[in-house]
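Enquirer: Residue strings, one per chain:
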Amino acid sequence: MMAAVILICSVVLMLQFFISYCRSLIAACAKEPLPIEVQEVTGIVRTASAEDFSRVVQLLKLCPERPEDRSSLRAVGAYYHFLGFVRSTVALAVPSLKSWADGERAQCSYFAAVALGRRIAFSRDLLAQQMLP
Amino acid sequence: MPGPYGYTVWFICTLLEASVVVCAVKKNAFRRYLLLNTYMAVSVVADIARYNILSHYGYVSKEYLYFYYYSDALLTVALYLALISLFVQVFKELSAEKFVILGACLLLTGTSLFSYLVIQQSTGRLLTRFVVELSQNLYFVGLVLTYVLWGAILKLRETRAQLVQLVLSLGIYFSLFAANYAIRNLYPAASGISISLLQFLGCFLPLAWAYAFWRIPEDARLAPATLAVIPR
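The listed protein sequences derive, respectively, from chains A and B.
Counting from 1, position 92 in the first sequence corresponds to residue 92 in this note's numbering; the numbering is continuous, with no gaps.
Take any residue in the second sequence, note its place counting from 1, add 1000, and you have its number in this note's numbering.
Extracted from the complex, chain A is given alone in its bound form:
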């Protein structure tokens, strides 16, 4: 009985901490403007939509990985999929959750677009280093 209570409490608290942690990662990039090339490639200018995420992730996979953003991208990716799960299950019973989940997923897309901008800059630096004699 006690173990079951601890399990339920832990899962509920874990979800709260996980959501807040992912939001703190996203908040750090929310005010960062997107470079022109990212705006052109993704079509995202100021606000992203929830559906942009998978397209931006596809583009991210084309660029060389930056070790610095690997863990945060994984966490935000997991958050995006978790929101997708909430949207297609719990949100059916609580409709207000659907718009909340969409808003959060849109912010995940913007985070991925910022990461894409950083990766493009990183690739450019790598190329410049290789071109040097």
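Below, a list of computed lysine to any residue pairs in the SDA-like style, where the Cα atoms sit at most 25 Å apart: (1) B/K1155 with A/V12; (2) B/K1092 with B/R1032; (3) B/K1026 with A/A28; (4) B/K1155 with A/W100; (5) B/K1155 with A/M14; (6) B/K1027 with A/A28; (7) B/K1026 with A/S72; (8) A/K31 with B/A1225; (9) B/K1155 with A/V11; (10) B/K1026 with A/L126; (11) A/K31 with B/L1156.
Hints are computed from structural coordinates only; laboratory data are not their basis.
Position chain B against the provided structure of chain A, taking the given hints into account.
Expert: Just chain B, lined up with the frame of chain A:
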């Protein structure tokens, strides 16, 4: 005996723990978060010592078993102290550090006493059972305390982004471990999977802390109210 997966996760986890200390030193955050870094440094030493004992005496030896559980209990107490140091950071401006430290000592004593009361009926290996019980209970106490700390951060409008990320990642870590211990108690048959999962989960905290020290500048600020699941 740990397989290739076990050794790989163990090695990665040790590297990540060492990288937390390196990142903190490089970003001049070592002294600011002294107990957090001390915990990570002690974890690295414990991992190396565990590996030495494992290779000398074997996985099923008494020496390894005792060292594993005793070092685990010490590490849990060290992590508890690291959590209290985060409380001190948050409550510093209210000049309430003394009360926080006093409360933490009382809670640690209370948890130890509770753990002793739980195991006092068992016969033999009383101390070993005590350290195992203490570790489990401290994980749950740590989880509750982290939640209280998160509440205090929201209430006091603490804006230090690095501190917020350190607290949130600690909350995820404690809740994952508490859930894992609960699953092991509920389904003892799943103990094998649970232990290998535990090793993997152990990598999360050093990874998140290394990220917080390396990527988040000391003066970065954010509004924690916007991060809360239930808007405040």
